[in-house]
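Q: Taken in sequence, the protein lines are chains A and B. Residues in the first sequence are numbered consecutively from 0, following numbering that gives the first Met the number 0. Residues in the second sequence are numbered consecutively from 0, following numbering that gives the first Met the number 0.
These are computed hints drawn from the structure, not numbers from a lab. This one's a predicted model, so the numbers in the text were calculated from it and none came from an experiment. Please note that a few of the clues may not be correct.
Since the list gives no way to pick out one identical chain from another, each pair is judged satisfied if it fits inside one copy or across any two copies.
[Stated by the list, open to error] No more than 30 Å apart at the CA atoms, straight line, and that leaves these computed lysine-lysine pairs for BS3-like:
1. Lys-170 to Lys-62
2. Lys-197 to Lys-74
3. Lys-92 to Lys-35
4. Lys-92 to Lys-151
5. Lys-92 to Lys-197
6. Lys-151 to Lys-27
7. Lys-170 to Lys-197
8. Lys-157 to Lys-27
9. Lys-62 to Lys-145
10. Lys-27 to Lys-197
11. Lys-157 to Lys-62
12. Lys-39 to Lys-145
13. Lys-72 to Lys-62
14. Lys-197 to Lys-151
Number of protein chains: 2
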Amino acid sequence: MPKTNLCRVMEESVDQAVEGNAQGRIRKANIERIMKAAEKVFASSGFRGSTTAAIAAEANLPKANIHYYFGTKEKLYRAVLDDIVDLWLSSFKGLGENDDPAATLSEYIRGKMELSQRRPEASRVFANEIIRGAPRINSYLSTELKDWVEEKSAILDKWIEQGRMASVDSKRLIFHIWIMTQTWADFEAQWSAILGRKNGLEPLDFDMATNAIITTVLRTCGLVPLPPRH
Amino acid sequence: MPKTNLCRVMEESVDQAVEGNAQGRIRKANIERIMKAAEKVFASSGFRGSTTAAIAAEANLPKANIHYYFGTKEKLYRAVLDDIVDLWLSSFKGLGENDDPAATLSEYIRGKMELSQRRPEASRVFANEIIRGAPRINSYLSTELKDWVEEKSAILDKWIEQGRMASVDSKRLIFHIWIMTQTWADFEAQWSAILGRKNGLEPLDFDMATNAIITTVLRTCGLVPLPPRH
DNA sequence: GTCTATAGACGGATAGAC
DNA sequence: GTCTATCCGTCTATAGAC
Numbered sequence: 000m001p002k003t004n005l006c007r008v009m010e011e012s013v014d015q016a017v018e019g020n021a022q023g024r025i026r027k028a029n030i031e032r033i034m035k036a037a038e039k040v041f042a043s044s045g046f047r048g049s050t051t052a053a054i055a056a057e058a059n060l061p062k063a064n065i066h067y068y069f070g071t072k073e074k075l076y077r078a079v080l081d082d083i084v085d086l087w088l089s090s091f092k093g094l095g096e097n098d099d100p101a102a103t104l105s106e107y108i109r110g111k112m113e114l115s116q117r118r119p120e121a122s123r124v125f126a127n128e129i130i131r132g133a134p135r136i137n138s139y140l141s142t143e144l145k146d147w148v149e150e151k152s153a154i155l156d157k158w159i160e161q162g163r164m165a166s167v168d169s170k171r172l173i174f175h176i177w178i179m180t181q182t183w184a185d186f187e188a189q190w191s192a193i194l195g196r197k198n199g200l201e202p203l204d205f206d207m208a209t210n211a212i213i214t215t216v217l218r219t220c221g222l223v224p225l226p227p228r229h
Numbered sequence: 000m001p002k003t004n005l006c007r008v009m010e011e012s013v014d015q016a017v018e019g020n021a022q023g024r025i026r027k028a029n030i031e032r033i034m035k036a037a038e039k040v041f042a043s044s045g046f047r048g049s050t051t052a053a054i055a056a057e058a059n060l061p062k063a064n065i066h067y068y069f070g071t072k073e074k075l076y077r078a079v080l081d082d083i084v085d086l087w088l089s090s091f092k093g094l095g096e097n098d099d100p101a102a103t104l105s106e107y108i109r110g111k112m113e114l115s116q117r118r119p120e121a122s123r124v125f126a127n128e129i130i131r132g133a134p135r136i137n138s139y140l141s142t143e144l145k146d147w148v149e150e151k152s153a154i155l156d157k158w159i160e161q162g163r164m165a166s167v168d169s170k171r172l173i174f175h176i177w178i179m180t181q182t183w184a185d186f187e188a189q190w191s192a193i194l195g196r197k198n199g200l201e202p203l204d205f206d207m208a209t210n211a212i213i214t215t216v217l218r219t220c221g222l223v224p225l226p227p228r229h
């Protein structure tokens, strides 16, 4: 299991929180509550627009506790970002060289869509950071994520060379899969307004989107027969 | 020509600024400078993260002038948003019923990509507003934009019915075109980090992206022959 | 119409009681 | 470990001189 940020925060104060202690349990529970609340508030207001008071209210804790556990708002934000990076990296398992292209791509898309549906706030915090120019996660983007893309696009290129799928721009294909899936979390407000959903997107919307994305990707890769015309 | 927001701001103070006057010209030039600066600052810092001082500095004007021309930061922000909405709507001309599907879709994609390349800040201001839940533009999304999508997806459906293109989920196809093109403005920081571009995306990156998007859309619509395998 | 100087509100952070 | 009260910097907005 990857070392999550929660673990890191816990470790920093290991002297105060021995596993199993009443204090340790309270500490852990409060840190989790604060980070969950912070993710929600940061997603809807951005870093600068979020106030520690709003996060405290969302977590049902007094404002001073935020500073007691995390020191500064900046440190809390970085803790939330780190957790999201861990979540992202854990979703990157798929795409092995010997897998079946169509099944692997479909499964990868399904996994990304489930993440958009289950953790939309995490996606929005991340998206916001990137729009701002990714000041705090640039090193992650240009190392781990860059390496992952190069590794996986090489696999796609190999599949193409072996005639197992049609010729495509493999990196751009990966980028397209990411944004088509993440947009259902990031831009939910836009899609639900256009689709006329008064109470946000429904599970059916995610199913239809998943199918549309899989269709687009498989047709792009020539992994399904040319669709019939009327 | 559509009534731009700049026009609206001008009209509000028509008593002070008769066309042709020295005052009128200064006023117009200053409003344009402020709005251009504001778009840049809002794009990189969000509404809350942007200060009127930063906008004034970017526009090379004293801070008080911002308030003199726009009253409040909120009003300036709405003026910038309105201008972007005008820009978006003007990019929505294409897609007529009697056009050629492949040519029309390609041209539409090219136009959207040019907009991403030419006005990335505008795109980012808009994206930021949507991530926040689109509080200020919800009415625009659920009326004009919704109507546009319904009109254009009906045309796509007609093309499908007439056997001029393969069966696709027409609304999702439009959404996919939007995000695949806009992401090159909104998430530029991510893509340039992954592609290893130290100084941001290059014109070639936009060309490659344009080609990849056109390929994806045309293959999805069955408008190009199934690509050859090795 | 322009700009300096400042009022006034807000929010991050902390001291210190419990 | 918890929470109230408060400090102090920052930012929006405006008054008033030019």
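Q: Would you mind marking each hint as holding or not holding in the structure?
A: Hint by hint, here is what the structure shows:
In this assembly of identical chains, the alpha carbons of Lys-170 and Lys-62 never lie at most 30 Å apart, being 45 Å within a copy and 45 Å across copies at closest. Proximity of Lys-197 to Lys-74 under the C-alpha cut-off of 30 Å is restricted to the inter-copy arrangement: shortest distance 27 Å between copies versus 36 Å within a copy. Within a single copy, Lys-92 and Lys-35 get their C-alpha atoms as close as 25 Å, which meets the 30 Å cut-off; across copies the closest is 43 Å, which misses it. In this homomeric assembly, Lys-92 and Lys-151 come within 30 Å of each other (Cα to Cα) only inside a single copy, at 10 Å, whereas the closest approach across copies is 38 Å.
In this homomeric assembly, Lys-92 and Lys-197 come within 30 Å of each other (Cα to Cα) only across copies, at 28 Å, whereas the closest approach inside a single copy is 36 Å. In this assembly of identical chains, Lys-151 and Lys-27 lie within 30 Å of each other by CA distance neither inside one copy nor across copies; the values are 36 Å within and 52 Å between. With identical chains, the CA atoms of Lys-170 and Lys-197 are at most 30 Å apart between copies only, with a shortest distance of 18 Å across copies and 36 Å within one. Within a single copy, Lys-157 and Lys-27 get their C-alpha atoms no closer than 46 Å, and across copies no closer than 58 Å, so neither meets the 30 Å cut-off.
In this assembly of identical chains, the alpha carbons of Lys-62 and Lys-145 never lie at most 30 Å apart, being 38 Å within a copy and 41 Å across copies at closest. In this assembly of identical chains, Lys-27 and Lys-197 lie within 30 Å of each other by CA distance neither inside one copy nor across copies; the values are 37 Å within and 40 Å between. Taking the shortest Cα distances, Lys-157 and Lys-62 never come within 30 Å of each other, neither inside one copy (54 Å) nor across copies (58 Å). When the C-alpha separation of Lys-39 and Lys-145 is checked against a cutoff of 30 Å, the pair qualifies both within a copy, at 28 Å, and between copies, at 28 Å.
For the homomeric pair Lys-72 and Lys-62, the shortest alpha-carbon distances inside one copy (11 Å) and between copies (28 Å) are both at most 30 Å. In this assembly of identical chains, Lys-197 and Lys-151 lie within 30 Å of each other by CA distance solely across copies; the values are 22 Å between and 39 Å within a copy.
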